[in-house]
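Residue-level listing of the chains:
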Amino acid sequence: MKVKKHKSASQDTLEKPIPSDRQALYLELHRRHKLFVAFWRFFLLFLFLLFWELGANTGKIDSFFFSSPSRILKLFWELCKDYSIFMHIGITLFETVVSFLLVFIISLVTATLLWYSTKLSEILEPYLVILNSLPKSALAPLFIVWLGTGTTTIIVAGISVALFGSIISFYTGFKQNDEEKLTLIYTLGGSKRDAFHKVVLPGSVPILLATTKVNIGLALVGVIIGEFLAARRGLGYLIIYGSQVFQLNLVITSVILLCLIAMGFYKGLQWIENRIERK
Amino acid sequence: MENIIELKNIGYSYHSLQGETVALKDISFGVKKGEFLAVVGPSGCGKSTLLSIIAGLLAPEEGTITVNNPDGSLRYPRIGYMLQHDHLFEWRTIYQNVILGLEINHMMTEERIAYVNQLLKDYNLEKFRNKRPSELSGGMKQRAALIRTLALEPQLLLLDEPFSALDYQTRLFVSADICNLIRAAGKTMLIITHDLSEAISLADRIIILSRRPAVVKQEIPIRLTLPDDSPLASRNAPEFQYYFNLLWKELSEDEGQEA
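Going down the list, the sequences are from chains H and U.
Take 1 as the starting number for the first sequence in my numbering and just add one per residue.
Take 1001 as the starting number for the second sequence in my numbering and just add one per residue.
What the hints contain is simulated information worked out from the structure, not anything from laboratory work.
Be aware that a few hints might be false.
Distance condition first, Cα-Cα at most 30 Å in a straight line; then the derived DSS-like pairs of lysine-lysine [what the hints assert, rightly or not]: (1) Lys1121/U with Lys1131/U; (2) Lys1187/U with Lys192/H; (3) Lys1131/U with Lys1008/U; (4) Lys1121/U with Lys81/H; (5) Lys1131/U with Lys192/H; (6) Lys267/H with Lys74/H; (7) Lys1008/U with Lys175/H; (8) Lys181/H with Lys1249/U; (9) Lys267/H with Lys1187/U; (10) Lys1121/U with Lys181/H; (11) Lys1032/U with Lys1217/U; (12) Lys1033/U with Lys1187/U; (13) Lys1032/U with Lys1008/U; (14) Lys175/H with Lys1131/U; (15) Lys192/H with Lys175/H.
Negatives, chain H to chain U, calculated, CB over 12 Å [as the list claims (entries may be wrong)]: (16) Ile185; (17) Ala195; (18) Arg275.
No residue lacks a Cβ here, since even glycine has one placed at the ideal position from N, Cα and C.
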């Protein structure tokens, strides 16, 4: 919404070379509002870190259990020096991206088949609902027995968390397209295939993008569950290892790295979304 | 002149688990080449079902449709269908929208594209070819939809209340404009409308359908004495009022029965 407002404001100034006083005031208020929001965002983080650090140093909170920003930075620097942390981050990133891409491809193909065949979608509906509601972490021990410990198991765990919800969302999105638009394709002599390519797929892009944003988070959840149980590498392994040896600095450092990774994924997808919408 | 398409005893029902709804019963009429035929009837009487059957989107449950192609072939004639709304896709530019039918039928030949470009010029849409539909006015969108239909060079045009989404003034201009263009192109047209004056001013012949189950209640040939044949001027023809009253009487008899 804010972006749109801003856009129309700049269009106004284009049409009228000298902005009126009211327009100038509007732009000024808008700029102040943006600054205000940005300031408080950073200030909240700053306050949080400050009280955390002071609390830990004065003994108000136990730094053995809760660590502190300076201890986290120190540990991170040490982990950087022998490059081991980059290996762990890289493994988690790799597993998440592979799970995410596979989820996207498999659910796109499955949802397309379901859209083509009403019979197939009616037959499979209860199975999809059950598989979607099932807590997928319950399956993780089975994956370990079937596939052993290692990257494959972790990627399968990542896929299992996101896949079924993603299929259901894609399929629902495909079905929500305007019936009359499909009729138009048929009046122009098109087939069901044309209806899919010209209307259903391009008309579902917003829903595909929204589902994709949810999926990247879910894939990360699945990968971390997998690493808890079946890994010797990765951030999930570091968290479990850290808690077992009571190195809570390591656990909290890994959690913070996961926060940054999640934010990075989200921003990346938002960037892709903006590019697609601008086209 | 020869009928381009001929309907004989067409019947159609909708089925659901709750029962059967008869929409059309024993409908027979033909459309002559070059003729402008209007179909009027009470709302919900199955007019759109009739168009879908003629367009080949629905198969009739009873009766037959005979086709007389100029070249004598038995192939279904190419039929252009204009829906109630323009349904231009927001994810395509105007140009990409009007070539949709060519794309689907793999007919992106040079002459077809030249024809489409000519139509865009004739309809003053040249400047807007790379715009999105939301940037156009209602009348311009309707013209773009017409170009999309004409691009496939149909022999028969079906129009399902194509102007009902426009405001009154635009509607008078656009309907006159589009019908003149269709007539100039020598096409045959079958239009469904609620608007009796629109039917009288545009059509050569009017078919009145009864309420559901729809049967052909009456066929009225329209003869207007006119200095020129423009749909706008025809509203001033001396016979206009007579036809209007006639149609009104036929349709309100039906409404009376229902009440």
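Do the hints match the structure? See the list:
no., hint, in the structure
1, Lys1121/U with Lys1131/U, "holds (15 Å)"
2, Lys1187/U with Lys192/H, "holds (28 Å)"
3, Lys1131/U with Lys1008/U, "violated (45 Å)"
4, Lys1121/U with Lys81/H, "violated (68 Å)"
5, Lys1131/U with Lys192/H, "holds (28 Å)"
6, Lys267/H with Lys74/H, "holds (27 Å)"
7, Lys1008/U with Lys175/H, "violated (36 Å)"
8, Lys181/H with Lys1249/U, "violated (36 Å)"
9, Lys267/H with Lys1187/U, "violated (55 Å)"
10, Lys1121/U with Lys181/H, "holds (26 Å)"
11, Lys1032/U with Lys1217/U, "holds (19 Å)"
12, Lys1033/U with Lys1187/U, "holds (8 Å)"
13, Lys1032/U with Lys1008/U, "holds (15 Å)"
14, Lys175/H with Lys1131/U, "holds (28 Å)"
15, Lys192/H with Lys175/H, "holds (13 Å)"
16, Ile185, "violated (7 Å)"
17, Ala195, "violated (9 Å)"
18, Arg275, "holds (14 Å)"
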